[in-house]
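Build the full structure now, drawing on both the sequences and the hints.
In the order they appear, the protein sequences are chains F and Y.
For what it's worth, our numbering labels the leading residue of the first sequence as 1, then goes sequentially.
For what it's worth, our numbering labels the leading residue of the second sequence as 1, then goes sequentially.
It should be emphasised that the hints constitute simulated quantities derived from the structure, not laboratory data.
Glycine included, every Cβ here is placed at the ideal spot set by N, Cα and C.
Treat each hint with caution, since some may be false.
Stated by the list, open to error - Computed far set for chain F versus chain Y, every beta-carbon distance over 10 Å:
| # | residue |
| --- | --- |
| 1 | Thr65 |
| 2 | Leu80 |
| 3 | Phe92 |
| 4 | Leu97 |
| 5 | Ile103 |
| 6 | Leu119 |
| 7 | Asn155 |
| 8 | Leu224 |
| 9 | Gln268 |
| 10 | Val296 |
What the hints assert, rightly or not - Taking lysine-lysine and the DSS-like style, the derived pairs with C-alpha atoms no more than 30 Å apart in a straight line are:
| # | chain 1 | residue 1 | chain 2 | residue 2 |
| --- | --- | --- | --- | --- |
| 11 | Y | Lys116 | F | Lys310 |
| 12 | F | Lys100 | Y | Lys412 |
| 13 | Y | Lys398 | Y | Lys359 |
| 14 | Y | Lys359 | F | Lys100 |
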Amino acid sequence: MELDAIFTASVFASAIRLATPYIFAALGETFAQRSGVLNLGVDGMMLMGAFTGFYAVFITQQEGTLSEPLSLLFGVLIALIVGGLMGLAMAFVSVTLQAKQGISGIGVYLFGLGLSELLFQQWVGTPKSVSGFPRITFPILSDIPVLGEIFFHHNLLVYVAFALVPISAFVLNRTTFGLMIRAVGQNPEAADAMGVSVARVRYATTTIGGMLAGLAGASLSIALINLFQQNLTAGQGFIAVALVYFGGWRPWAVAAGAMLFSFVNALQLQIKVIGLDIPSEFAVMAPYVITIIALVFASKRQEQPTALTKPYERGE
Amino acid sequence: MTNNLLPTGHEPIDKLDMIGIVKRFPGVLAADKIDFDVKSGEIHALLGENGAGKSTLMKMLYGLYHPDEGRILINGAETTISNPQDAIGHGIGMIHQHFMLVPSLTVAENIALGMKSSRGLRLDLDVVSRRVLELSEIYNLKVNPDLPIWQLAVGEQQRVEILRALYKGAALLILDEPTAVLTPQEVDGLFRILNQLADDGHALVFISHKLHEVLEISHRVTVLRDGRRVNSIPTSEATRPKLAEMMVGRPVLLEYEKNAADTRDDRLALDGVSALSNRGTVGLDKVSLRLRGGEIVGVAGVSGNGQQELAQCITGLREATAGKVVVDGVDVTNAPPARLNAMGLSYIPEERMIDGVIKEFSVAENYVLQDHGHPKFTTAKIFMLFRVIREACRQAIKTYEIKTPGTETLVKSLSGGNIQKLVLARELSRAPGVLIAAQPTRGVDIGATEYIHQRLLDERDNGTAILLISEDLDEIRALSDRILVMYEGQIVGEVENVDVDIERLGLLMTGGG
Chain F
1 MELDAIFTAS VFASAIRLAT PYIFAALGET FAQRSGVLNL GVDGMMLMGA
51 FTGFYAVFIT QQEGTLSEPL SLLFGVLIAL IVGGLMGLAM AFVSVTLQAK
101 QGISGIGVYL FGLGLSELLF QQWVGTPKSV SGFPRITFPI LSDIPVLGEI
151 FFHHNLLVYV AFALVPISAF VLNRTTFGLM IRAVGQNPEA ADAMGVSVAR
201 VRYATTTIGG MLAGLAGASL SIALINLFQQ NLTAGQGFIA VALVYFGGWR
251 PWAVAAGAML FSFVNALQLQ IKVIGLDIPS EFAVMAPYVI TIIALVFASK
301 RQEQPTALTK PYERGE
Chain Y
1 MTNNLLPTGH EPIDKLDMIG IVKRFPGVLA ADKIDFDVKS GEIHALLGEN
51 GAGKSTLMKM LYGLYHPDEG RILINGAETT ISNPQDAIGH GIGMIHQHFM
101 LVPSLTVAEN IALGMKSSRG LRLDLDVVSR RVLELSEIYN LKVNPDLPIW
151 QLAVGEQQRV EILRALYKGA ALLILDEPTA VLTPQEVDGL FRILNQLADD
201 GHALVFISHK LHEVLEISHR VTVLRDGRRV NSIPTSEATR PKLAEMMVGR
251 PVLLEYEKNA ADTRDDRLAL DGVSALSNRG TVGLDKVSLR LRGGEIVGVA
301 GVSGNGQQEL AQCITGLREA TAGKVVVDGV DVTNAPPARL NAMGLSYIPE
351 ERMIDGVIKE FSVAENYVLQ DHGHPKFTTA KIFMLFRVIR EACRQAIKTY
401 EIKTPGTETL VKSLSGGNIQ KLVLARELSR APGVLIAAQP TRGVDIGATE
451 YIHQRLLDER DNGTAILLIS EDLDEIRALS DRILVMYEGQ IVGEVENVDV
501 DIERLGLLMT GGG
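In structure tokens form, the structure reads like this:
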């Protein structure tokens with residue numbers, strides 16, 4: 001066997017990089033779902049974040065209006081704002097108008113898919129690349145054999161994504177805001193009776209979810225792939241939604257799921273590279289099949305937001 | 001007033017007045033110029049049927065609804081309460097009928113919810129826990145602040161609710177049907193707490209439709225009917241018949257004349273029947289029982305101790321994993337419901353809105369839900385004879401005194417009592433040999449309850465074998481010839497219904513027999 005050729009340091013490093021958009025999007029979705037809002041529009045929000053972030057960087061770099069680092073931060077900011085606005089729209093539809101969340105989420109997805117494509121064709125035309133977030137190297141750390149390559153040769157957004165995992169866990173479990181989120185997702189009547197505004201909490205979490213989805217998209221278009229094309233995400237947002245279930249609504253487990261998925265994905269790429277005699281279609285399917293199997297066996301948990309997808313209305 | 005603070009350190013509410021309160025919902029006048037007041041140190045009972053306006057009135061005091069007209073005065077000063085936070089700020093707390101607790105959160109987290117933390121954005125659960133323990137010491141309300149709610153018994157959950165209200169400084173406590181989910185022992189415990197709270201200077205509003213509880217615990221009673229205040233009287237001047245008449249608007253029979261049981265052959269027998277609960281745990285554990293024609297056997301127990309599984313195993317709606325169910329000498333274990341129906345088994349299900357009727361169907365359609373294929377209602381078993389069905393339904397409406405505009409009215413627009421009468425009419429129209437009645441009067445007003453009880457007794461006298469499953473001990477004692485007590489899926493006791501010791505029943509129900 002050629003195990004040495006398959007499990008190389010670069011496979012682990014690329015697994016970490018590939019996990020970045022999933023972690024952003026899935027953490028955002030965790031907030032939304034914990035409060036009772038199932039946002040199926042994540043992929044559409046990612047696409048919009050990916051395009052607008054890319055376009056902001058593209059324009060400012062092309063015209064030289066901003067220095068390279070500033071243009072990248074500007075792109076991130078735009079992606080956060082656009083994602084946040086789409087989250088706000090999702091919140092308006094599902095919280096204020098109390099629409100069926102499954103359907104409205106798919107609507108948001110199709111909207112994001114279509115609009116990002118339209119704007120891309122109107123404003124950019126053919127795939128063009130930008131110079132994205134550069135890899136950061138650390139003195140000493142990056143030079144450690146194997147570990148240095150795996151952990152210390154990534155761009156800024158990769159580190160931000162992983163830093164968000166403990167931060168999200170802290171916010172959910174140790175802050176008053178997190179307590180409100182958990183209460184609203186499990187028993188909105190109780191939260192309401194205790195003076196917590198169910199609508200305000202759900203607006204906040206869905207908007208945060210949208211911002212992180214936008215950032216997830218931008219991490220693809222200006223940090224990992226550094227270009228935009230039609231349907232750049234290819235359904236990654238839906239995988240992120242599945243990862244939230246997979247991780248049982250807990251940030252650490254959600255991130256672990258994202259890592260597992262990305263690792264299988266990286267492995268699949270590597271197998272293709274070294275030309276093993278496995279039909280590549282199987283390899284491409286593997287991550288998805290593994291996710292589905294894991295979901296089937298994921299048990300029902302205490303953390304499950306029982307009010308998920310249920311609009312809240314005060315009354316008899 | 002600083003010298004008579006409450007034990008929590010908060011100011012008491014000496015007097016609260018609600019004057020001329022009006023609340024309209026689309027098509028209903030839920031509160032029609034109601035006056036109500038409560039004083040410090042007093043337990044004031046608010047009595048009325050379902051829909052009389054009790055909860056609506058109190059939800060306005062707690063800021064969940066807003067009155068269309070009328071004034072609220074706290075210690076003589078006019079006050080507007082626009083939301084629950086306002087109410088809490090004014091020292092008003094409410095214990096809801098369905099507990100307002102989040103099951104996955106701990107006691108301390110539930111109490112901290114919606115409150116400012118002493119650490120800003122970070123939670124201060126240790127501070128909350130310490131204060132909870134302090135308060136539970138003062139009021140003798142034992143709880144462990146670190147346990148999640150789902151691990152607590154119902155009575156403990158209620159204590160958490162009360163503690164939370166006290167924690168937030170409640171001087172006035174509204175308790176909405178607080179005994180509905182409790183065992184007799186837990187009710188005693190609750191009443192001790194309420195008396196202590198009143199002695200300490202709290203003002204309490206006790207919402208109930210149970211007469212004996214109101215007589216036992218309150219100092220004053222206000223009776224509401226159809227959104228209007230009927231009267232307010234000191235409890236010392238109240239009697240059960242008097243209160244019942246005020247509630248219903250006519251004299252009500254509270255005790256039934258019962259003929260001696262004329263028991264006949266065995267109609268239903270269970271032999272070591274076991275079944276799983278919805279959660280996959282043991283729901284029913286080797287239950288055996290005999291039911292003869294002409295008797296009512298009551299099954300008492302706290303909710304969730306296997307009563308539902310018992311009814312479903314007998315009626316073919318849940319798979320029995322062991323044992324035998326025999327109807328009229330025929331083994332019908334796990335037989336389909338249609339076959340059981342044909343053998344003369346009728347069932348009044350516990351969840352009438354889910355299992356008893358299809359609420360989007362008309363009264364007539366619901367009336368023939370089971371017998372739609374009966375030769376008298378169809379031609380060639382295919383074409384329904386709606387004229388005949390409507391006529392039969394009209395008869396039933398008359399016989400069973402069902403209040404409905406007509407046979408084509410949708411069932412969802414009828415009241416709970418009338419829906420239950422419709423279910424009863426349908427089940428009894430087939431002259432059953434065996435009747436399984438699960439919670440037949442839950443949520444049903446006194447008038448309809450009286451009627452349903454009377455019909456069940458008539459059926460018994462006609463020789464029907466009736467299994468009455470109920471969490472209402474008064475109902476069990478009023479109707480049954482024998483009483484079985486269920487606990488954790490088993491029958492833990494059987495007593496003849498003569499001079500039953502209610503304390504002993506309560507002990508059996510909680511596994512302490």
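Hints numbered earlier in the text: which of these fail when held up against the supplied structure?
none
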